[in-house]
Every structure is written in structure tokens, then in C-alpha cells.
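Number of protein chains: 4
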Amino acid sequence: MDEGFSASQLTLRRPAGKISTARVEADEFIIASGVFNGKTTGTPLCILIPNTAQHSTDYENAPRIARPGHADYTAQCKYHGYEDFRGGGHFSGRITAALVAAGAVVIPALRAKGIKLGTHIASLHRIEDRAFGDIAADIDTLNSSAFAVLDSEAAEQMKKAAEEAAEAGDSVGGVLETAVTGLPAGVGEPWFDTLEGVLSHALYSIPAIKGVQFGAGFDLADGFGSEFNDPLRNEDGRIITLTNNNGGINGGITNGMPVMFRCAVKPTPSIYSEQKSIDLKTLENADLQIKGRHDPSIIHRARVVVDSMTALVLYDVLSGRYGTDWFCGRSAD
Amino acid sequence: MDEGFSASQLTLRRPAGKISTARVEADEFIIASGVFNGKTTGTPLCILIPNTAQHSTDYENAPRIARPGHADYTAQCKYHGYEDFRGGGHFSGRITAALVAAGAVVIPALRAKGIKLGTHIASLHRIEDRAFGDIAADIDTLNSSAFAVLDSEAAEQMKKAAEEAAEAGDSVGGVLETAVTGLPAGVGEPWFDTLEGVLSHALYSIPAIKGVQFGAGFDLADGFGSEFNDPLRNEDGRIITLTNNNGGINGGITNGMPVMFRCAVKPTPSIYSEQKSIDLKTLENADLQIKGRHDPSIIHRARVVVDSMTALVLYDVLSGRYGTDWFCGRSAD
Amino acid sequence: MDEGFSASQLTLRRPAGKISTARVEADEFIIASGVFNGKTTGTPLCILIPNTAQHSTDYENAPRIARPGHADYTAQCKYHGYEDFRGGGHFSGRITAALVAAGAVVIPALRAKGIKLGTHIASLHRIEDRAFGDIAADIDTLNSSAFAVLDSEAAEQMKKAAEEAAEAGDSVGGVLETAVTGLPAGVGEPWFDTLEGVLSHALYSIPAIKGVQFGAGFDLADGFGSEFNDPLRNEDGRIITLTNNNGGINGGITNGMPVMFRCAVKPTPSIYSEQKSIDLKTLENADLQIKGRHDPSIIHRARVVVDSMTALVLYDVLSGRYGTDWFCGRSAD
Amino acid sequence: MDEGFSASQLTLRRPAGKISTARVEADEFIIASGVFNGKTTGTPLCILIPNTAQHSTDYENAPRIARPGHADYTAQCKYHGYEDFRGGGHFSGRITAALVAAGAVVIPALRAKGIKLGTHIASLHRIEDRAFGDIAADIDTLNSSAFAVLDSEAAEQMKKAAEEAAEAGDSVGGVLETAVTGLPAGVGEPWFDTLEGVLSHALYSIPAIKGVQFGAGFDLADGFGSEFNDPLRNEDGRIITLTNNNGGINGGITNGMPVMFRCAVKPTPSIYSEQKSIDLKTLENADLQIKGRHDPSIIHRARVVVDSMTALVLYDVLSGRYGTDWFCGRSAD
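Chains as they are written, first to last, in the numbering used here: chain A, 6 to 338; chain B, 6 to 338; chain C, 6 to 338; chain D, 6 to 338.
It should be emphasised that the hints constitute simulated quantities derived from the structure, not laboratory data. Beta carbons are placed, not taken as given, at the ideal position from N, Cα and C, and that holds for glycine. Check the hints yourself; a few may be wrong.
Listed below are the simulated DSS-like cross-link pairs for lysine-lysine, each with C-alpha atoms no more than 25 Å apart in a straight line [claimed, not checked]:
#, chain 1, residue 1, chain 2, residue 2
1, D, Lys44, B, Lys286
2, D, Lys296, D, Lys165
3, A, Lys44, C, Lys286
4, C, Lys164, A, Lys286
If you only want the chain B side, here are some residues facing chain D, beta carbon under 10 Å, derived [as the list claims (entries may be wrong)]:
#, residue
5, Gly39
6, Thr45
7, Thr48
8, Arg91
9, Phe229
10, Ser231
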């Protein structure tokens, strides 16, 4: 983190509404270090978000029986039983609040350099949002929306699908699509640290993401080279591509077009239906009936995390090319 | 690279056949350092693969007009015109030979620990191979096949589709699916270095890969939690999941099931049809007619690279957990 | 940090006595994450040490005039004026409390593997302690001493020298010598990550350290090869060297002898005598008269930090070779 | 390595003269990748320096008996006997030729930014060179000298001392002192990556270096704060310190004064006198009589390596702050 960013009016985004959990988490935070006179200092920025709403009784039975689709069993394999299994421990989605806090500092810094980003729910349980149109305007729309869908009718259908899944004791997933505008051409590395590579590396830290694709992604696999090559043109002195099937990246490096990617978000694994599983203490077969309050979908929450993680990666990559002084508006010579 | 691996009979895999380029590359190699008495020494292993077949006249006109879908324009943006543009420079797929050479050392080391991996062409231009069945047996089949398709009829159709694209001056893409068996449960990190994250980071270095997904990947986005949670069972003392929609990974950590992932490979961008582009010297619009000899598909070559890159990542992750001595059969105490 | 360490009785070491500052710092701490049932969980261990005794009036005039020997001016150059200059900001020696907290967890983990370490004040303002004798016993003595000097007469002279310097409004420095026993032979890398390199890299983070040397260090420069080569012998089946001028490290790798190194600690730069300096706001010349309470020496405090930093590096290097599971008493196969 | 550096006239520095080895090493090199039209391309720069003069008979007996002071025994501990023991394998000082080759590219890039560096033999076997005077002029003198000593009388005495040691079948060490001018103030990190830390980390890779100190180094330990604080002054608009006991670095960050440090170089461990040791195959005691041709001192060769390693670290640190584009003369906006 470089110095001089305004951090005093830090506001963390969190979603609300009917399909979100009834659990109230205050999301109040304490800036423990790294801010002086309302600006970041260059010292590590430590933001504490106390976990105020731990209903340990909700989880009373859960830790003994592994929740399928969660990390309960793999955590035990990795940590040899020392893991804090209450509420999923550090595998809990609540941990992403820290990423959102970091994003809240970095996103304005990118914006000050003309770089904007936003994410919409491209689909939720097969219900599709409209595609990005005027990307810059759509980003602004998304960033002021509680439920990040561009087509309001699709938004209603998505909410309805999530509510129906909840009523059936089930959950749904979807696809998030992110657009980044204003990135200079020439950013990224050809080998090992391609922009696709460093972004996907980070994005896979977000719980429930099981796929990441750039541009037309898996659709590219089905077509012809002649359809997907993105012809180049000089448009009034600006080099563009006529299509953007490569998602603004060629050879791991930005080409000046919007960077576009999609993340597959799996259905929330916490469902109410009875599930086959094992008892983690005995490793014997046992059936699981999850109690407590859980969201039928986390995709509308995850999009804020995707934005934040993306911003952190871009900030890092841009600092590498232009220097840590660049974001402070300093030039080297 | 740890010491003691047998490197003296190093054999590099390369594909042949009608749909591959007519360009002959001898793939002879020189081990410049790191081997003594037929074993790796722990010193950096330097393998040189001279580029013997550079027909510079083939590329005579190409570098002036950016090839759409290639990195010609982005390389110029990044390297300010200092890049070696002949044959795509270090963006050329030929560079992957170095990864295959490294994989040739590491793959047997993994195999000595009971870890096997293989990749098939899951689809080529919408023609689908059969799914993995007996995974360990299928891996063996694939690793002895020049064209890595499990269903021989699908293989013929795929070759035919690639040849037809070639005749039409066009190219095709596809999807590669990789399976890894024998990985211990508990490998990977919950945050930042999830196994999905470190694998995808590396895989995106392979030219033409534009999507990576684990387990059911983007299909997970369309279903219900109740369908995809992978119920756990104790099967004769071994913990398994009844399905493997999460691709052997929960919370970024292996669960002991086969690790499964898919990569989207875009159609080879070098096609013979005329394409709109720009002249890189003047940045004016210019049309491009690619000459020379080019493959209509690189997917059957890319699978060897995917295997190698995967093996390198797994070797690294396993060394972290069990120590660099582990692969030498040494124990610490 | 690996899991399963006992962290519940964490005790932070801090020195006391006449030559230490009168400033009271409670050193109470809060474990905010990473401990469950009295053991580390594998989750990042967050230990908060609130800074309770900030007398901002002490520093009222200081920040405007750079304190020579401190980082006031360089901080302004690096952070463009956004730095928190109160009390030296994150350049303050108080930040080392965090390293000591981390060391308090790792040192017992090393000890459980038979690795012990300790540091004595080898000299303070030219007054020399006796050399290490029975190293293992001396380490135990040092770790139960508030003032880490092996020769009690030298200890008294050192304290007297520090007090005299304090009375004269001045400060003194010294040399710390650290010994580590029980390290296996074969740890470290020959190039780039030599054990000397990774240790010195970390040690230079400790404020006031301006020199690091291994074994006979700079004395090696003055003698003959025949004096310093450390002849090897097999002593009842154990390979030893008859002398230890190389400090237990050859070619960057441990040889099984105690690892020995020395750190030069400069005199505390906060002195009461008037000093020439500049005003940081105007960059004009200005004289400085430091007020407040300051130690005439920090070397007796720094030794705890040196121990902790050394332990952190060794833990890291050993985990690399033997795996993160090693410290949990797990074997890989 | 960034692009656009001139690499076509790459000249590797190597010393000559009576006290150097009679072994002739041609130091011819091949640029295998990374240069196009006489400039670096941004692709990894691969420079091969074939080892042409390997007299394996010289080493016939050596590998069986560990050479004291060398890494023969520690290499066997680390690499479990797989190491290439001929001529010291990759512990050989000849490997430093690769660092010198890299330095030959980076040093001119630093110079183009006004940053100059040079190293002299501050002492050889207690014979002292004069101190740096007009540093910039002295650096130029050193860089055109085969034997880097500022005082020609001291130079003759040093050579004589080395020759006398050679005649006695022994070897000598010394101290190298390096000065860097033109570094901007504000470069380095306060914690973990202090400039002292990253420089010493790299310098300890150079064989025979056993001590690194900055500014007055270990002498700082003996004096008073009032002597060593380096008072600040504004001298005609430029901020300087009146002394430079801190070696141009405060709090890990450059202050704009020359960066000054010293490295202790131990006597060459290859001596002709009989030495006690062990047989590496049986681990039994055995005496060693080294044959072949060896230098009585390597310090006059090591200084070129110190320059190169320093330049590589500074290039890296400066790229971090000002961006990789900075060295190409590009600005970000």
C-alpha cells in the first residue's frame, strides 16, 4: 500500500435485502494503524473488523459432521485437527470483509488514474442479465446498485429464483462478469505472470469460485479463428479491436480494450436438505441436517469481493510497471 | 529442482501427424548444467533447445502488420519497440518446449510418489470425447497416445474437423481436461494460494488458454447446491466423495479425490484469411494476409504443456508441505 | 505459521532496570486471531499490542526538526510527507514488540526440535563480555538473564558506562553475538539464499543494526587461510570442525557446528546534546535539542529482537527443507 | 531485466596479473536469448559462458577428501551425495562470471540515470588503502584499474603480501569497500526490505564474504551517539549530512549521501599446506594436500562481483519505486 490515499471516509459495501442472511453483522471497523491526518501513511494499514454476531449454538452440531461442499474435511486433513472449526473458521465467507476493506482504499486510487471497474451478475441459475453495453456507464450503474444486475426484469427473476430455492431448502449459483476500463495497453507479463494468471490466482481465493475465464472464454473453444481474432483498427488515433473476444488481453498483456472476465460461483453449499457425510471425529458415515440461517445465494455479495480483489491485483501490477510513486502523482525524474 | 532425479534419459514429447505444422524442429537439446552421473545435482538444471528451423523469410512481412489474436501489438506497447518480433519472439508457442523439458524431469518424480496425471482433448470444435472413466487407466492410455482422445471415433472426427478448417484457411479450438490421481488430502492453502489459484496462475502462461475451471466449473453456476455438494462417505476406511463436482478441491485444499480441471484453448490465431489490422510502424490501418505454414489447431500439442505445467506446480506445492527432501526419499528426523 | 503450537501462555520478554526508559509500556497484548483451544490453528496469528503510553507532547517539537541518525528525513523523502512522524512512526523501536511476539511462538517450536539460541552483549562501548564457552549452557544462562552478559563483572561495567553516557547526555552502542545450536547440517542455499544472506536480510530490519558478520567475520580479513579453514574431524561418529571461524556455515549451508554471528548496534541516536539539523517543513538549517526520556543504550533490549528474528528465519528455512508438517511432528508418507 | 539496453558490446571484466591463477579461462560468451538489433528485448537474457579449462586431473584426489573452508562437506549434507563435486561444482567462484555478465548490462543502465558505483580493496592482510576522497573521481579511477587500490604504494605492498603468502603455500583475505553515488533519497523499505537487508542478502551469495557492514559499521559499536549521528545541513539547497557514518542509509532508506559499505573477504580456503579433514566417502579422518593451481587471494577478483551484485540489487529496488519503464526513459502518464 502506498501512501497518501484518503482513508478517513472508508465505507465498506455490504448487501442487504430479502435473500441475504438475517444474521446481522455490524461491519464496524477499527483502523489500528497506517492512517494519519486522514491519509494512508505507507505503514501497513491494519483494519480490524470485529466479528460481533457469533451464534455459537448455531454451529453446535455442525463441526462434528463435515458439511459437504465446504472445507470442513480438507481443513482437518491440512491442519491435523488444530483448525478452528466454529463457523467454518477462516474458510468462512466473512473473511472476505477484509478484502472489501482493502478494496475500499485501492478502488478510488485506481479511479484517480482513470481506471474503473464493476461486476454484474451475468446469470443466476440460468437467468441471464443483458450484456455490458456502454461499459463505463454500466459500471457506474452497477456501483450504485445493491443488486448488481443491469436488466431490472432479470433482477426480479433472479431474486425470485433465489427465494424459491430458499423455500425448497436449496441454493443457487451463477456467473459474475467483471469489466475494467481505462487500463493502459502494455500491462502484464508474457510468461508466468500473465494478467490472466495473476487475476485468476487471486480470484480463486474467493470462496465458491470454481471457474475463471477471460473474454469469450470457453466459447472460444467452439468457434473458428476467423470469428474470434479481434481485428485491430486505428479509430481516430486510438488503437482498438473491433471485437473483444480476448477480453482486452493478448499474450498476457493488456491491449487497451476493456479487460473482461467471468467467474463461476457455485451454489452456496449450506443447504437445509439432509446430506450424506462423515463424522469428523470418528470418520464414520453420518448424515447432516444443517441448522441456522443461511443464504440461498452468495453471488450478489461475492461481486463486491471480486471488484476488490481485482482492484488489489491491478494496483499491484500497475505499481510494478509505473512505480509505487505513480499513484501518488509523483514522477521519478 | 531437488537433486537425485534421473535426467539422463530425458525424452521430450512432441506430437506429429497431418494436422501439425510441416515445419521441422529437431527438438534436440543440450543439458548445460545440473546433471552429474545421470542424476540431477540440485544445481539449476539448464536445458538448451536450439531453434534450428527459423525461416526468417516467412516472417518478412508479418512483423510490420500486427497479427490479430497474437501479441504483436501488446508486445510493442509493453516493450516500446525493442521486442524481437520475428516469429512472435518469446510469445511463440515454441517457448513451451522448455516447460515440457522441465516436466519431463518432474513427472517421473511425482509418479514415484504415486501421483499420476494426464490430459485429454475433451472437445475440439464441439466434437466431444467421452468422459474419464477409470481415471488411472485412462491416464496411462493418454500418455501413450500421440493424439490424446479416449474415444477413437471422436478422435477421427476431431482430426477431420481440424483438416477441414485448414482447407478453409481457418483454425479451431477446444477444451482440454486434466486429471491428477494420488494426491494426498490436505494440500493447498485456504487463502491467496488455493490450489485452484496456483494452478490457474501457471496454466494461463500457456499461449491460447483463455479459461480454466475446476470440477464442474461453469456448470456449477446453473444448478442447485443439492446437486453439486459432493456427499462424503467412508468407503472401507478411505474417505471419498460420491461425486466430484468440486474437482477434488474444497476451500483451496485437496480432499483426496482426483483433481480435475478444464482449460479452454482458443483457435490458433494464425489463419490464412485476410484480416483487418494495423501497421505497427505507422499505426495506420492495414490488411493482413498471413503466409507460411501454420497449424489449424494447437490443442493436441498444448496438452503436453498442460501436463508439464501442472506437474511443476504440484511438485512445488508438495515440496512446501513435505519438504524438498521428501522427493529424495529422505525423512527429516 | 504452522498449526498446533501452544500459544496460550505466550509471554513477551521485555527488559527493565535503570538504564531503560522510564516510559511505561504495558506490553499487554490481544490475540485477535489464529488460536483455538490454546493452540495455533494455521490461520494467520494476529497479536495486537496496543500503544498505551503515547506522550504526544514529548514529540511536539521534534517532528519539525529532523533527528540526526533517525529516519525522520528519509521517511519524508520516501513518503512525501504523508508519514506519521509522531514518535518516529513505524520506524520506532517499539514496533519490534511484534517481532518478539512472533518469536515467542516460534522459539519453543525450534526448541522442541532440539534447536536452541541465545544472544549476549559481546561488547558495550568497548567493554567486552567473555566469549561463549559451553554454548548450550551459556544460552540457558542468557535466556534467564535480564541483562544478557555472561561475565557479571563486565555486566556491571557496561551498565556503568551506559549510565555515565546518560549523565553526559550521550548514548553508547555495542556488539551482540548470537549462537544457535542443534541445527542439522545441510540447511541453506548455495546461491542467493545463503543462510548468511537470509539471516542478515532479516537482521537489518532491526533498528540500529549497521553490521552483521558470521564466525570470525571481519577478523577473517586479516589472517591467513591456514589459520581460519576450520579443519574437519570425525569425533566419535559425529563430524565436527576443530575451530568455528566460519560460524557453522560453509557455502551458505550449515555444517552442523553452532551457527555464530555478530551484529553491530549503533549508539541510540536520541541524545540530549544540541545537534545540527534541518527543519523538515522549510528544509532550512535548524538546531535540535531533543527532549523527553530516552535510553542511553538499546542493546540490552535489541538482543531479544535478534533472537526472535533469528528464530523466525530459521523456522522458515527449516520448513522449506523438511516441510511445514515437520514442526507438527507429522511425517509425509 | 527491462528492455532497450545496449548489450551488443558487452565486455566482461576479468583481472589478470601475477597473483591471479595461471589457469586460462577464455571468458568467451554466447548470448543465447534476449538481444535483438543490439538491444535487450525484455525477454530473459541468457548469456552462456562455457567452462573451457576444466583440468579434471587437478581435482582427481580432492573430491574424496573434504577441503576445509570449502563447501565440500556441506554440499554432501545438503545434496545427499548427488552434487557434482568436481572443482567445487556450483560452489566454485567461477559461477560468479554469470553475475559479472548480468552486471555488465545493468551498470550502464544505472550510469545513464546518474548512478555510479565502484569498489576498492580497503585492506588486504592488514595493509590499508587510503579512504575514498572525491568519491565520484575515485570510482572512475577504480573502474579503469586492474587492481582496485587507490594508493599505488599500498597496492604494491598488497601484491607483495599476496605473493609471499603464495610462496608460503598460504592465502590472504581482506576488506572490500564499495561506494555508490547518485542514488535518490527515499529508496528502500523501513521493515524487512531495508536497503542494508537486500544488499547484504545478495552480497552473501558471493563466495568468501563473511561480513557486511554499512557506513562506520562495527566501529559504530564503540563510540558515542554524539560522534556518529551525521548532522544534517542544507548546503545550497541540497540536503546533506556533515559526516556519513550511517553509510547513506537511515531507517533502511537512502538519505541522498553516497551509500557506503564494506565486505569482509576471507582468505582463499585452497592452500597448499597439509590440512586435517575427513574422507567424504567413509567419513573417516584423512589429511588433505591440495594440488593444482590456486590464487593466494581472490579479493581483487571479488570486487568486480561485488559491483555487479550491488548494481543488480539497486536496479531492482529502483524499478520497484519508479517502475520498470523508468530505465527506458518512459514516463507513465
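Evaluated hints:
Among the hinted pairs, Lys44/D with Lys286/B is consistent with the structure: their alpha-carbon atoms are about 18 Å apart, no more than 25 Å. Among the hinted pairs, Lys296/D with Lys165/D is consistent with the structure: their alpha-carbon atoms are about 23 Å apart, no more than 25 Å. As the CA atoms of Lys44/A and Lys286/C are separated by approximately 18 Å, the hinted pair is consistent with the 25 Å bound. At roughly 57 Å between alpha-carbon atoms, Lys164/C and Lys286/A are farther apart than 25 Å, so this suggested pair is violated.
Because the closest C-beta pair between Gly39/B and chain D is about 8 Å apart, less than 10 Å, the hint holds. The restraint placing Thr45/B at the interface with chain D holds, with a minimum CB-CB distance near 7 Å, inside the 10 Å limit. This hint holds: Thr48/B has a C-beta 4 Å from the nearest C-beta of chain D, less than the 10 Å allowed. Contact between Arg91/B and chain D, as hinted, is supported at the beta carbon level, the nearest pair being about 8 Å apart and thus within 10 Å.
For Phe229/B, the shortest C-beta to C-beta distance to chain D is roughly 47 Å, which exceeds 10 Å, and the interface hint is violated. At its closest, the beta carbon of Ser231/B sits 48 Å from a beta carbon of chain D; the interface hint therefore is violated under the 10 Å criterion.
Hint check: violations occur at hints 4, 9, 10; the rest are consistent with the structure.
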